[in-house]
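Trainee: Going down the list, the protein sequences come from chains A and B.
Letter by letter, the first sequence follows residues 1 to 540 of UniProt numbering.
Letter by letter, the second sequence follows residues 1 to 540 of UniProt numbering.
The set of hints was computed from the structure by calculation and includes no laboratory data.
It is possible that part of the hints are untrue.
All copies of an identical chain are treated as equivalent in the list; a pair is satisfied when it fits inside any one copy or across any two copies.
[Stated by the list, open to error] Restricting the straight-line Cα-Cα distance to at most 20 Å, the calculated cross-link-like pairs of lysine to any residue (SDA-like) are:
hint : residue 1 : residue 2
1    : K262      : A491
2    : K47       : Q424
3    : K47       : A397
4    : K401      : S2
5    : K438      : E258
6    : K47       : E367
7    : K47       : L155
8    : K438      : V378
Number of protein chains: 2
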Amino acid sequence: MSEPMMTFPLNTSDILKSAALRYPEQEIVSMLADLSVHRYTYADAYKRACRVANFLASANLSPGDRIATLAVNHYRHFELYYGITGQGLVVHTLNARLFVEQLQYIINHAEDRWIFVDPELLPILEALADKIPSVTRLIVLCAAEQMPQSSPLSLECYETLIAAQSDEAVWPSLPANTPCGLCYTSGTTGNPKGVLYTQGSMVQHAILSGGSQALDFDEWSVVMPVVPMYHVVAWGIPFSAPIYGAKLVFPGCALTGENLQKLIETEQVNQSYGVPTVWLNLHNYLQQSGKSIESLAIVGVGGAASPTAMVKSYAELYDVYWMGIWGMTETSPLATTANLTPQMDQLSDEDCYALQASAGKPIFGVEIDIFDAAGRVVTHDGVTRGELRVRGPWVLASYFKGEGADSFVDGWFITGDIAVINAQGYMSVVDRTKDVIKSGGEWISSVELENAALDYPAVNEACVIAALHEKWDERPVMLITLRAGQDYDEAALRAMLQQRVAKWWLPDRIVVVESLPHTGTGKLRKMDVRDEYRRILLAD
Amino acid sequence: MSEPMMTFPLNTSDILKSAALRYPEQEIVSMLADLSVHRYTYADAYKRACRVANFLASANLSPGDRIATLAVNHYRHFELYYGITGQGLVVHTLNARLFVEQLQYIINHAEDRWIFVDPELLPILEALADKIPSVTRLIVLCAAEQMPQSSPLSLECYETLIAAQSDEAVWPSLPANTPCGLCYTSGTTGNPKGVLYTQGSMVQHAILSGGSQALDFDEWSVVMPVVPMYHVVAWGIPFSAPIYGAKLVFPGCALTGENLQKLIETEQVNQSYGVPTVWLNLHNYLQQSGKSIESLAIVGVGGAASPTAMVKSYAELYDVYWMGIWGMTETSPLATTANLTPQMDQLSDEDCYALQASAGKPIFGVEIDIFDAAGRVVTHDGVTRGELRVRGPWVLASYFKGEGADSFVDGWFITGDIAVINAQGYMSVVDRTKDVIKSGGEWISSVELENAALDYPAVNEACVIAALHEKWDERPVMLITLRAGQDYDEAALRAMLQQRVAKWWLPDRIVVVESLPHTGTGKLRKMDVRDEYRRILLAD
Ligand SMILES: Nc1ncnc2c1ncn2[C@@H]1O[C@H](COP(=O)(O)O)[C@@H](O)[C@H]1O
Numbered sequence: 001m002s003e004p005m006m007t008f009p010l011n012t013s014d015i016l017k018s019a020a021l022r023y024p025e026q027e028i029v030s031m032l033a034d035l036s037v038h039r040y041t042y043a044d045a046y047k048r049a050c051r052v053a054n055f056l057a058s059a060n061l062s063p064g065d066r067i068a069t070l071a072v073n074h075y076r077h078f079e080l081y082y083g084i085t086g087q088g089l090v091v092h093t094l095n096a097r098l099f100v101e102q103l104q105y106i107i108n109h110a111e112d113r114w115i116f117v118d119p120e121l122l123p124i125l126e127a128l129a130d131k132i133p134s135v136t137r138l139i140v141l142c143a144a145e146q147m148p149q150s151s152p153l154s155l156e157c158y159e160t161l162i163a164a165q166s167d168e169a170v171w172p173s174l175p176a177n178t179p180c181g182l183c184y185t186s187g188t189t190g191n192p193k194g195v196l197y198t199q200g201s202m203v204q205h206a207i208l209s210g211g212s213q214a215l216d217f218d219e220w221s222v223v224m225p226v227v228p229m230y231h232v233v234a235w236g237i238p239f240s241a242p243i244y245g246a247k248l249v250f251p252g253c254a255l256t257g258e259n260l261q262k263l264i265e266t267e268q269v270n271q272s273y274g275v276p277t278v279w280l281n282l283h284n285y286l287q288q289s290g291k292s293i294e295s296l297a298i299v300g301v302g303g304a305a306s307p308t309a310m311v312k313s314y315a316e317l318y319d320v321y322w323m324g325i326w327g328m329t330e331t332s333p334l335a336t337t338a339n340l341t342p343q344m345d346q347l348s349d350e351d352c353y354a355l356q357a358s359a360g361k362p363i364f365g366v367e368i369d370i371f372d373a374a375g376r377v378v379t380h381d382g383v384t385r386g387e388l389r390v391r392g393p394w395v396l397a398s399y400f401k402g403e404g405a406d407s408f409v410d411g412w413f414i415t416g417d418i419a420v421i422n423a424q425g426y427m428s429v430v431d432r433t434k435d436v437i438k439s440g441g442e443w444i445s446s447v448e449l450e451n452a453a454l455d456y457p458a459v460n461e462a463c464v465i466a467a468l469h470e471k472w473d474e475r476p477v478m479l480i481t482l483r484a485g486q487d488y489d490e491a492a493l494r495a496m497l498q499q500r501v502a503k504w505w506l507p508d509r510i511v512v513v514e515s516l517p518h519t520g521t522g523k524l525r526k527m528d529v530r531d532e533y534r535r536i537l538l539a540d
Numbered sequence: 001m002s003e004p005m006m007t008f009p010l011n012t013s014d015i016l017k018s019a020a021l022r023y024p025e026q027e028i029v030s031m032l033a034d035l036s037v038h039r040y041t042y043a044d045a046y047k048r049a050c051r052v053a054n055f056l057a058s059a060n061l062s063p064g065d066r067i068a069t070l071a072v073n074h075y076r077h078f079e080l081y082y083g084i085t086g087q088g089l090v091v092h093t094l095n096a097r098l099f100v101e102q103l104q105y106i107i108n109h110a111e112d113r114w115i116f117v118d119p120e121l122l123p124i125l126e127a128l129a130d131k132i133p134s135v136t137r138l139i140v141l142c143a144a145e146q147m148p149q150s151s152p153l154s155l156e157c158y159e160t161l162i163a164a165q166s167d168e169a170v171w172p173s174l175p176a177n178t179p180c181g182l183c184y185t186s187g188t189t190g191n192p193k194g195v196l197y198t199q200g201s202m203v204q205h206a207i208l209s210g211g212s213q214a215l216d217f218d219e220w221s222v223v224m225p226v227v228p229m230y231h232v233v234a235w236g237i238p239f240s241a242p243i244y245g246a247k248l249v250f251p252g253c254a255l256t257g258e259n260l261q262k263l264i265e266t267e268q269v270n271q272s273y274g275v276p277t278v279w280l281n282l283h284n285y286l287q288q289s290g291k292s293i294e295s296l297a298i299v300g301v302g303g304a305a306s307p308t309a310m311v312k313s314y315a316e317l318y319d320v321y322w323m324g325i326w327g328m329t330e331t332s333p334l335a336t337t338a339n340l341t342p343q344m345d346q347l348s349d350e351d352c353y354a355l356q357a358s359a360g361k362p363i364f365g366v367e368i369d370i371f372d373a374a375g376r377v378v379t380h381d382g383v384t385r386g387e388l389r390v391r392g393p394w395v396l397a398s399y400f401k402g403e404g405a406d407s408f409v410d411g412w413f414i415t416g417d418i419a420v421i422n423a424q425g426y427m428s429v430v431d432r433t434k435d436v437i438k439s440g441g442e443w444i445s446s447v448e449l450e451n452a453a454l455d456y457p458a459v460n461e462a463c464v465i466a467a468l469h470e471k472w473d474e475r476p477v478m479l480i481t482l483r484a485g486q487d488y489d490e491a492a493l494r495a496m497l498q499q500r501v502a503k504w505w506l507p508d509r510i511v512v513v514e515s516l517p518h519t520g521t522g523k524l525r526k527m528d529v530r531d532e533y534r535r536i537l538l539a540d
């Protein structure tokens with residue numbers, strides 16, 4: 001029988017095409033590396049995305065090929081999102097904060113064909129040059145006159161390449177399960193794993209996360225994503241904002257409190273999105289400078305737990321609604337949001353702040369629940385903890401190349417977060433089963449730190465936990481037991497660690513203890529250690 | 001290869017289930033036939049929809065069976081929408097305004113198994129009793145004590161049947177192409193044709209038509225659909241409002257200006273939807289009574305062209321934004337909307353009203369375009385007319401049982417409307433295809449010619465048809481009946497027409513006839529006229 005209704009997959013290309021028709025004059029503003037401001041419209045962006053698509057179509061690429069980007073938030077990166085995905089290719093966003101060994105692993109694992117790169121981030125690739133054999137072209141995101149003069153690499157110029165193309169495109173109609181994006185999540189144990197987004201998941205996430213249930217975009221919205229486009233697709237905002245006609249403000253690499261305040265004021269930003277550290281920095285800058293952020297109405301905050309004190313400061317000092325958000329690379333990433341509701345009118349300020357600091361309720365389409373060790377659902381009383389599971393049309397079904405199969409059970413994805421859900425359905429993450437520290441929105445692997453420490457002769461056992469930190473949310477604290485008969489010197493241990501991991505991974509504190517607690521099977525009982533040392537970095 | 005992201009079709013059952021979790025306390029208010037008001041919450045509605053689903057599951061029905069409803073807008077009809085569709089069955093809404101012969105045809109064509117019916121609408125079925133053999137159960141939407149005492153029909157009581165069921169349900173997960181709704185469109189020629197909505201089309205339509213691009217629902221919305229649930233699913237509002245947590249106000253059969261004003265005032269309705277006549281009646285009532293509608297901010301108006309004078313009255317007298325909407329049974333039905341935009345601030349009031357009176361721009365997902373007789377896209381200048389075509393994930397791909405195959409071309413559905421699109425993308429319907437003459441590839445509007453002729457005093461009625469022409473394919477032929485006691489002179493009539501329409505629009509022949517054929521409802525039977533006069537311009 002023929003289908004009764006059109007089976008008409010909505011593609012990422014439809015998003016920008018429709019925005020160019022519906023909202024041709026709406027602006028996209030980018031702060032560039034030299035702090036100059038670039039400004040154009042959805043109609044302009046669409047034409048340039050067509051050029052990118054035509055350029056890709058003219059090359060010798062196959063559907064599903066991974067095309068990498070190593071770039072911050074700006075209009076050229078935005079064009080690439082559409083040009084690449086709209087052509088049936090996969091945009092693989094490389095996280096500029098990873099260190100070179102991880103990037104090397106990721107690029108090789110993804111078998112990236114080309115890399116589009118910001119001139120400022122070229123040094124990262126120079127260090128990798130002969131270690132990423134699948135990569136055949138490096139294209140620098142700048143105009144001809146800005147091309148680096150002396151690079152050991154063979155580079156091409158983005159503007160020159162796309163100038164040669166037509167600004168009209170015929171987009172293929174891609175089935176919903178066509179891969180379109182790839183983002184690696186940090187390995188909690190072992191190597192990073194790839195999350196392969198599809199046309200269907202990306203578009204559905206954009207539609208529903210941009211709707212009034214979640215980010216609530218419309219033609220009056222002026223949205224600044226501070227979350228990077230090089231990780232978790234800047235929370236999908238480059239795809240959701242155009243659907244609803246919001247103005248976009250890309251801050252580039254200008255993420256200091258000072259630059260953010262300036263952009264908010266000059267562009268009249270009314271919504272902005274980022275990890276807690278961003279808002280702490282902005283708050284500090286505002287306090288110091290006496291500057292204001294009057295246009296700002298909402299900050300959406302996720303990636304780490306929201307400190308209630310900040311929620312209160314933003315409400316009372318700046319009249320900004322702090323909206324807690326939870327998600328992960330594996331959930332595209334937005335899954336739950338703590339929106340303003342009419343009921344909040346009836347609550348005390350403190351009760352309101354508590355809801356805002358939670359991770360909120362699931363967006364339509366997403367289901368969450370919490371489970372005990374035996375896989376039974378636990379009660380939603382706001383106190384009982386359970387392992388958080390999630391499912392929905394923009395949740396991962398299997399990692400790239402089939403890795404990590406033990407993260408899936410009964411149709412659920414197991415998040416590795418420990419959470420509570422209250423009677424009203426608000427969820428809060430209270431702990432993690434996975435061994436990572438989230439410092440300013442970026443992951444530090446406790447396992448890698450522990451392994452590195454074990455190479456120091458005097459260290460018998462090492463345990464790294466996430467300790468709460470006022471500025472960075474979490475920072476690593478290392479506990480070690482010592483090997484009898486070996487000399488121990490903290491400075492020497494630190495010097496050694498520094499050779500193996502990025503400098504910002506180094507523990508804030510190294511504590512020597514008599515013994516560490518273990519489970520029956522001999523594993524470290526990290527939860528116990530965490531309970532004891534979690535607050536060690538906080539002022540009393 | 002396994003799917004990278006969960007293939008997780010969103011079903012209608014997910015909508016109410018999620019609303020009960022997210023917005024348990026939000027209200028659904030119904031005005032009943034006795035003008036009393038019924039009030040409950042999404043949490044209540046979900047439980048009762050579960051009862052309906054369990055009742056259906058316990059019966060001897062097969063997936064895809066049609067279950068009809070003959071009912072106005074109220075909470076029981078709302079529960080049926082979810083209970084029936086969520087179980088993998090098809091809710092077939094019977095239009096209470098059709099004549100009995102049409103209903104008989106439709107019920108038999110759909111092979112409806114059961115009918116759920118309002119007590120007030122039972123007389124319609126009594127007239128049909130022995131002519132609809134597929135129907136095995138008639139269930140009356142009322143409580144036991146309200147059951148009709150003396151009916152020739154064998155009737156069951158809705159409340160009694162569902163009281164026996166559990167208020168928790170396990171919903172099947174239904175693939176996107178599972179049929180879930182059936183609505184017949186009036187036959188322009190021949191019999192009515194069925195439009196079979198699917199889970200995928202219904203949910204996608206609800207998500208996007210309820211979003212900020214179109215109806216713009218959120219938890220502050222108080223929405224009164226005056227458009228009937230017995231036709232075009234009340235514009236999808238019973239499915240879209242719960243997604244975004246809007247309060248619903250069902251007016252039942254109380255559609256007078258007086259009742260609507262009362263409901264708006266007591267329930268603080270801020271958005272309402274209906275055809276132009278509804279708003280004309282309300283306007284007349286307000287003018288007479290001196291009553292006000294202060295809470296109302298938006299009326300969404302479709303189903304017929306918006307009179308600009310009304311747009312102006314609603315703006316200037318009531319401070320209500322009149323939002324033009326276009327859609328049809330075949331488009332689920334919402335396809336284009338003339339939303340308030342920031343740009344309207346810059347326009348004169350009159351320019352604004354003109355945009356509001358248009359059909360607006362396509363909702364994300366829908367594409368429209370206009371075509372000349374040769375199937376070429378015509379220019380978007382606000383003047384050039386073309387045949388309107390539409391496509392998208394909630395647009396019909398084929399009529400029920402494969403009828404009307406000539407309405408589809410190159411992946412488009414041919415609407416039968418003639419429209420213009422202006423440079424900003426706003427569309428306006430200006431005519432119906434079946435009423436236009438295609439002369440040498442150009443359109444001539446029969447409706448405009450007829451209206452012009454009526455201004456000549458001697459013309460009582462005019463009918464313009466497309467007659468076949470050797471050179472021009474088609475040319476207009478006008479048939480008129482004369483008003484007794486008035487002088488008629490063809491040259492004078494022609495002279496007058498020429499002042500109103502382009503010279504090349506003038507009819508090739510004007511024929512005076514004794515009488516013109518009419519349908520039961522008093523409309524011209526143009527088809528009959530066409531049959532008789534179609535070849536009048538051809539040489540034998
Ligand atoms: N609102 C939140 N509260 C606490 N932790 C969060 C929140 N949002 C995200 N996270 C953490 O960040 C992880 C996802 O990181 P990523 O994949 O880098 O986006 C989650 O699994 C949580 O551990």
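Trainee: When the hints from earlier in the document are held up against this structure, which numbers fail?
Mentor: 1, 3, 5 and 7
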